[in-house]
Structures are given as C-alpha cells and as structure tokens.
Amino acid sequence: MRELCRRLLFLFRRGQYAADLREEMRLHIDLRARRLADQGVADARHAALRQFGNRGLYEDRSSETWGWTMLERILQDFRMGIRSLIKTPGFTAMAVLTLAIGLGMNTAIYSVVNAVMLRKLPYSDPQRLVSLWEQHQQKMQNFSSHGAPVGSAARGGMKRTTVSIANIADYESSSAFRGMASFDDTAMNLTGLGLPERITGDQVSWRFFSVLGVAPAMGRDFRAEDDSPSAEPTVLLSYGFWQRRMGGDTGVLGQTVALDGVKRRVIGVLPKGFQSPAEIAEGSPHEFYIPAAYSEDLFQKRGDHDVNVVARLKSGVSIQSAQADLNVIQARLGKQFPDTNKDMYPVIAPLRDDLVRDTSTALWSLLGASALLVLIACVNVANLLLVRATGRSREMSVRLAVGAGRSRLVRLFITESLLLAGAGCAAGIGAGQLILRALIAMAPDGIPRLDSTSMDWTVFTVAAAVAVLTGLIFGIAPAWHASRVRAADALRASARNSAGRSQVRWLGALTMAEVALSLVLLAGAGLLLRSFATVMGMDLGFQPDRVLAMNINLAPARYRTADQRLQFFEALERRVRGLAGIQAVAFANRLPMRGSWRSGLNLEGGSPDGETADFQAVNPGYFETMGIGLLRGRSLTDHDRQGAPPVAVVNQAFGRAFLNGADPLGHVFLYANNDRVTIVGVMADIRRGGKEAAILPEVYLSAAQTSLYPTRLADFAVRTSGDPARMVNAVRREILALDKDQPITNVRTMREIIDLSVAQRRFEMLLLAVFAMVAVALAVIGIYGVLSYSVAQRTGELGIRIALGAHPGGIIAMVMRQAGGLIAAGLAVGLAGAMLLTRYLATLLFQTTTTDPLTYAACVVLLGGAAALAALLPAFRSARVDPMVALRSE
Amino acid sequence: MTRSQRDEIPTGTLDLLILKTLARHGEMHGFEIAESIRATTDDVLQVEEGSLYPALQRMLVKGWLNGEWSKTRENRRARYYTLTSEGREQLQNEIDRYGRVSHAIARILEPAS
Chain A
81 MRELCRRLLF LFRRGQYAAD LREEMRLHID LRARRLADQG VADARHAALR QFGNRGLYED
141 RSSETWGWTM LERILQDFRM GIRSLIKTPG FTAMAVLTLA IGLGMNTAIY SVVNAVMLRK
201 LPYSDPQRLV SLWEQHQQKM QNFSSHGAPV GSAARGGMKR TTVSIANIAD YESSSAFRGM
261 ASFDDTAMNL TGLGLPERIT GDQVSWRFFS VLGVAPAMGR DFRAEDDSPS AEPTVLLSYG
321 FWQRRMGGDT GVLGQTVALD GVKRRVIGVL PKGFQSPAEI AEGSPHEFYI PAAYSEDLFQ
381 KRGDHDVNVV ARLKSGVSIQ SAQADLNVIQ ARLGKQFPDT NKDMYPVIAP LRDDLVRDTS
441 TALWSLLGAS ALLVLIACVN VANLLLVRAT GRSREMSVRL AVGAGRSRLV RLFITESLLL
501 AGAGCAAGIG AGQLILRALI AMAPDGIPRL DSTSMDWTVF TVAAAVAVLT GLIFGIAPAW
561 HASRVRAADA LRASARNSAG RSQVRWLGAL TMAEVALSLV LLAGAGLLLR SFATVMGMDL
621 GFQPDRVLAM NINLAPARYR TADQRLQFFE ALERRVRGLA GIQAVAFANR LPMRGSWRSG
681 LNLEGGSPDG ETADFQAVNP GYFETMGIGL LRGRSLTDHD RQGAPPVAVV NQAFGRAFLN
741 GADPLGHVFL YANNDRVTIV GVMADIRRGG KEAAILPEVY LSAAQTSLYP TRLADFAVRT
801 SGDPARMVNA VRREILALDK DQPITNVRTM REIIDLSVAQ RRFEMLLLAV FAMVAVALAV
861 IGIYGVLSYS VAQRTGELGI RIALGAHPGG IIAMVMRQAG GLIAAGLAVG LAGAMLLTRY
921 LATLLFQTTT TDPLTYAACV VLLGGAAALA ALLPAFRSAR VDPMVALRSE
Chain B
710 MTRSQRDEIP TGTLDLLILK TLARHGEMHG FEIAESIRAT TDDVLQVEEG SLYPALQRML
770 VKGWLNGEWS KTRENRRARY YTLTSEGREQ LQNEIDRYGR VSHAIARILE PAS
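For the protein sequence lines, the chains are A and B, in the order given. Here the first sequence is numbered in my numbering, starting from 81 and rising by one per residue. Here the second sequence is numbered in my numbering, starting from 710 and rising by one per residue.
One or more hints might be untrue.
To be verified - Derived EDC-like pairs (lysine to aspartate or glutamate); straight-line CA-CA distance at most 16 Å: (1) B:K771 with B:E744; (2) B:K771 with A:E83; (3) B:K780 with A:D384; (4) B:K771 with B:D724; (5) B:K729 with B:E744; (6) B:K771 with A:E144; (7) B:K771 with B:E803; (8) A:K422 with A:E376; (9) B:K780 with A:D110; (10) B:K780 with A:E103; (11) A:K771 with A:D835; (12) A:K381 with A:D419.
What the hints assert, rightly or not - Which stretches of chain A does chain B cover? Using the computed rule of at least three CB atoms under 8 Å from a CB of chain B, they are: (13) 82-88; (14) 100-106; (15) 199-209.
In short, the hints are calculated from the structure, not lab data. Using N, Cα and C, we set each Cβ at its ideal position, and we do this for glycine too.
Bound conformation, chain A alone (with noise of 0.2 Å):
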C-alpha cells in the first residue's frame, strides 16, 4: 500500500525523481574522475565514464523499478500514432469516414433494435408475461376474422386468431398462471371535450392492470363489479389523454367523459409512458381503457374468437410447462366441445417477442446487413492500412536497425488501428445519431416503440465493443506484415520499393473479402427490390386514382337502427353528389383496404364446405367510385330496396371458389331471414386487402335492400374530376351539416392507402439499397487503391516490359487478369455467401425465391462491373508507364 503511494508520487514527480537520480549519477562520476586522476590515471574523466557504464541505461533501469515505463510506453506510442496520422490527412480522413459510415449505420440499426425487440416492456416483471392466441390446424386462413390480433400486419398474421371469450375461463384454471386478461382494440367517438374525434382505446377485462403489473397513477383500478353490463359506465384515462384534453385537470376523478355518446365516470388516471401491448405493436396512442362487460351469450360461442389474451405465469414455471398445461386443457375441451374446440389450440409466446413478430425478421435482417456493412468498412480500412504500412517499411526497419523490439512495432499498428478505430467511433456515433432521426422520420407507422428510439449508454457500449474489434481486426493485417520486416531486407528493398509476396496475398484477399461481402448485401438489396417491383406490379383490380376515402363512424346511441345509418348515407350521399368536381360516391361497410367481412354462404344447390366470402353492403354508385367494372348481367340500381326482389353482384372469384368455376350468372343463395338472393351481376376480381393480398371471393349486397349489413355502414368514399385532396373541405361540410357531432377520421386519398400498405416494405427495400450501394462503393474504392497501388509498386517492371517492346494492351491485359481472378474470386465466395444469408429474408419475399437466378445474376454483373470499370483505370496507368523514367528511379 505504502509503495504503491511512493509509485503514484514518483509518476506525478518523475521529472524531479529523474534530475535527482542524474544529479547523484554526475556526482559519482565525478567523485571517481578525482579518485583515479588522484592515482594518476590519465585521462579520468573518460575512465570514470568507462568504469561506470552506459548512463541512460541506468537511468532507464532506475524509472523502470518505479513501474510506470508500461504506462508511459503506452501514452508515448499514441502520441507517436496521433503523430503519424496526422501527417497522412488524407489517409486518416478516409480511414474515419469509411468507419464514421459503417459505424454510424450499425449504430443507428442496433439503436432501433434495441429499442424495439430488447428494451423492457413497461410493465413490472415483464418476462413473465406472455401473450396467448389460438391457432386452428387446418383452414387457419378462416379465422382472420374482423378481430384483428394484436399487431398482425399483413404478414404472418394468417395462421393464428383471436381468443374465444368462452375458452378463456377454462385456459385461466391452469395453475400455470397468476392471473389472465383479455383486451380488444376499440376506436370511439369521444364528444363534448372540443371538436368531436374519434379515438383509439382498449376494452379490458377487469384484470388487465393487476396482470400487467401496473396501477394507476391516479384514482383506482377497474374492480369486478365494474365489469359488467348492467354496471355504471366508466372509464380509465391515459395520462396523455388527461394531460392534453384535460389540462391535467386534478379534478379530474368523478367527471364524466362522453364516448360514442355514453357518459362515462372517470376512476382513474394511468402513469406517463404506460402503453397499452396493443399501443406498443400498432405505435399509435391508445387513449382510453373501458371494462369489457362481456355479455352472458359471448360467453357461451366458443366458435368466436373476438379478443387478445395477456397472462402472467406464476414464477417459476416455465413457458414449455404452462404450454403443456393448456394442451392439456385443449384436449378435454375438443372433446367436449367438438364442433368448435376439436382443432383449436391455445398457444402462448412471451409477450415481448409477440408484438414485434412483424418487424423482428426485419430489423435483424438490416442488423446483419449493417454489421456486413462495418466488415466491409474493416475491411477497407486494413487495405488503407496496409498500402500505408509498405510506404513505412522504411521507417519501419530504420526504428528496428536502431533498436526498437519488434513487438514494439507491432504495438505501434495497433496503437494507431486503435486511434483509428476510436475516431472513427465518436464520428460514428455521431453519424448515427443523425442517421437515426432520418430513419425515425422516413420509418414507416406501426414499427412498435421507435418513436421512443433513442441512443442510451447500451447502445455507446455496443459502438465502443464493435469499434475496438474492428481497431483489432484492421490492425492485425499490417501488424503482422510489420513484425515480418527484416531491417536489412526492407533497407535494401527501400531502393527498388518492390511490394513483398506477402503483402500482395493479402492486399488480395482482402479485396476479395470485399467483393465477396458486397455481393450478398447486393443480393439481399436485390431480392427485396425484386419482391418490391413484384408487388408493384400486381393488379389491384379497382382503380385507386382520384378517390378520396373516409371513415364516418356513427355512434350507436345517436343511430340505433340500421334504417337511421342507411337514411344518413343516403342522405349524404346525395348533397356530395351534387358539388361541383365530383363523379361517383360510395359508401359501404368496408372500402376495398380497409378489410373485410367473411363469413360463409348457403346456395342453392349446396356449397363446398368451408368457404367463405366477403360480404360487403354497398350502394349502386361503389363500382363507379372504386372503378370495378362490369363483367356479365348488371350492376346494382336504386330500384334494388326492399320489398323489391333481393339480389346480389359477386365477383369471378367466387364463380371459381363456390361454383367449380361456372357462371354465377343466375345462381341463388339463401341468406339471413332465409331470403331468396339471386345473382345479378359478375364484377371483375378486385385485391381487397391491398397488392399483396390474395383474391377473395366477394359478394356485393345492395344497402337499401340487406336487412343484416347497414348497421355496419361506415365508409365513405368519392370520386373526384381533379384532385381529391382538394375535396376534402367541401365533403367534410356537407357531413357536419347532417350531424355537427359527426367525427370523420381515415381522411386519405385511395393512392395514399395503397402506398402506405407498401410502405414498410419500401422502407426495407431502400434501406437495404443503400446499404448495399455504400457497400459496393467501399468495394470499387478498394479495389481501385490496391490496383493503383500494385501499379505504382510494379512499375520499375513495367517499365521494362514496355523498354522490351511490350504491347500496351498486352499490359493492360495482364493487370485485368491479375484484378479478373481477385474480383470473379470474390463473386465466386460472395454468391456462396449469399445463397446462404439470404435464407434469413425469405418472409421479406414477395412471390421470389431466395435464390432468384434472375436478381443473382443482376447483382453479379452489376458488382462485377463496377469493379472491372474501377481496375480499368489502374490498368490504363500502366500502360502509359513512360520506361525512362521508371527506370531512372532504379
């Protein structure tokens, strides 16, 4: 302890300890000088020098017994590596942007990741909790009823389906689990708080906070007598809601909030930055929680399957054990239930990974494209680094001739990697932060959490891990070239500066690394790109030009009977039609893209089993409006209301599902009260749920006539002469002119909808682009420098080839030969690579393969291309070698 205090007093005092150490030095020299002239020795003083050895030995010694030379070794080798850098500006600064870049992009992906998959939920224990769906074995396509569950897109959400509010209370008697909730998004007219608004909350069963972990911030948790159908109408608030309807009002607790046209009291206030799991998966506010109060019928349908189940396991057990428990269950409930529990499976996942399943794939697909990406900038900068380090071999066996240990050379490459790797860190992060916000701002909606991305101390310590091993991994290459100099050999070799057999090697493979790992960032960017081009070029069937879209969701209480809605649409329906620049309006339960509604269909004459069709009320102007044309028989006319015979118009779709492909021209169904529906018409198939999605069968009902479907009425749409944006004003009058508490919500021209439904898909495709074009950029930078630089090294023997009557295209011919191999060597190791990662992105593919011929050989001609045209102008400069003078530098 006290040597350690007399160590850290010698480092801060070294200069003093080192002038008295000289002092004593000079003094017994000078003691012996006067001893041996006293002896008459001549020439003392050199004799005293003589007798007492080499000085700055000594001295050195003497500081090493303190122990800090290690340190101050180090903090000298940076300075000779800061030292260094700076005098190559040019190197250095291509050295960092290079890193600032892969750096920078890794930063900002894994910044999102973390924020999206791996940051805690914000609930108490969150790794107890799980999500619970069920799945049905066979026909799973039949059950993505209106329900949606939680955070399915498009994609991957087909297999499984909401939870039957019946079965719940059976999953819930597994001793696997502390406490069960169910949940279901619902959207409600929320009036008398400013301008009306239609707003997203969550109908919960009573539960849903206590297994969620969380109490509110204010006023009291939902109790069971709340959840009921006959209770008082109330109502929990987000704290976003509070704070910005309400002023924060404390207050607040006992006030009514009127939703959908109930009043509802007020019991609680929700902590800041609660999200709902369903807020978390879709990443749109959720304003409001109200009891689900269940109706006794629900609870007996088990064929429903209408909400989203969270659960807690009890500690300790596991999620295999608490499958196996529900399994279980299953068993006894398909045998008692067969009809509707036979193949029904209850199914349970962590809850985490269950509201990013749409993202996950990706967000760690563009994780391993950027961490590709700061391979190739590794890469790059090795090969910088090696081309330097032959420039220094000079240097090099200068500072080993005069004594510097060779492990102390490859301590300098490193040091200066290190440097390197650091600066290109801090402009990494910096990159990154910018890079971020870009992404944040261009991102599509519905990445869970990623508004709340930002970079926190993980994320640094994840840059700062990453920019130390690629300093490692850049730096190894020269150091091992620079503890292989001979200080004779590089001496003798400075004259003639031929490069060494070893440093071509490895200038070799690293360009091959290169092109290798740009082509399968290429590839990937490729087949997205390809899936993009796919789904753009699907036919939607209707025509979404110069359609304006709305929602106009009518309050049940204001509009009980499904006459009062029709009579509103109607009604507004025919003010629209008479503005000026409007050419068809339409209205039905659902607009194509915005669902569906299936159900199953009894024709005359049997129907296949299990088929079902999309069922949608609409009035005669829809197939003007969405452009669906006529095929056979006609189209729906205002004569078509009730008491007149019921009929109905399909689609060719559901001449192929339910007619083995004859006409449905004629054909009868039998339909609600038994009513007697005759086909009419045949329209054109049409994609309802957007260019990705498949072709339902459709049947069109007439709205003035159906009895089952006008209460379901809710969208509105126009079709305009000019600009549809531009009508939104004089429709939204008209609206308000009927009811001035209508909120009209979903404004969007058709064109938008279309392009917000690829819109994640884009965001991928060009994100991926870009990493992949910045990925081929390094690699024409790099193998440019290492062409040039092999070039310049050869030149003495080019010269001469040229001196002996060399042909300059015969020159040419052999530096492309020598650039050939490398490049077709990488494609060769990068097509493999590819076929194997690209594996990883097949549920980011749209009708292509994972080894799409077609987008590998793009990819190779363009990355092979682009690397021949970078060698090209090497292999010119080599023929224009002028022989005398390259002969004159011998």
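Based on these hints, arrange chain B on the given structure of chain A.
The following block gives chain B in isolation, referenced to the frame of chain A:
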C-alpha cells in the same frame, strides 16, 4: 586489462551487499557505497558502478532505504541512504537465504568422502 581479473557480482547479491554496507556504516551516498563494497571485497568483485543506482531506486520503492539530500564534506549535494526497519528485516532475510544457498552449494561441491 584489470577488468578480466575481477568477477561479476552474482545476481541478487548486490542487494545484500548494499544492505550490509549500510547496516555497517549507517549513512552513505552512492559513491561511498560503491567504494565501501570495493574495499571490503578487496577489489575482487567487479561491479559496473552504474548498476548500483537501479538497485538503490528499487530498494527505495520497496521502502528498505531512506534517501535524504544533504551536503558532502566538499559541499556538494548528495543523496545519503540509510536503512529503514524494513530494510534491516530484509537484510536478515537475505543473509539467511544466502546462508542456506551457499551451504547447499558447498555440500554439492564437497568431495564425497
């Protein structure tokens, strides 16, 4: 060539010699220590005099010695070294160890009789 007639100090023994010298004479500066070692060993043990100094520094760090600056009789600044209590302990250890080692070596070298 005077040099070749002298022997190098065995490694590790230098510490012992310095400690012993200081124990005998109390306060000394570097040159005096060197002279004293030279005198007591009758010039047989040759030491490159500079090698004394790293050893002195090491012993300062270990806390076996104290170094105080004062004036010599010729009025020049010099660092005078004295033994600390730890130094005395160390000297005893070194002597014991030396005894053990030389005894062992002597037994190996003894003619088997």
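Tell me the numbers of any earlier hints that the structure contravenes, in ascending order.
1, 3, 8, 15
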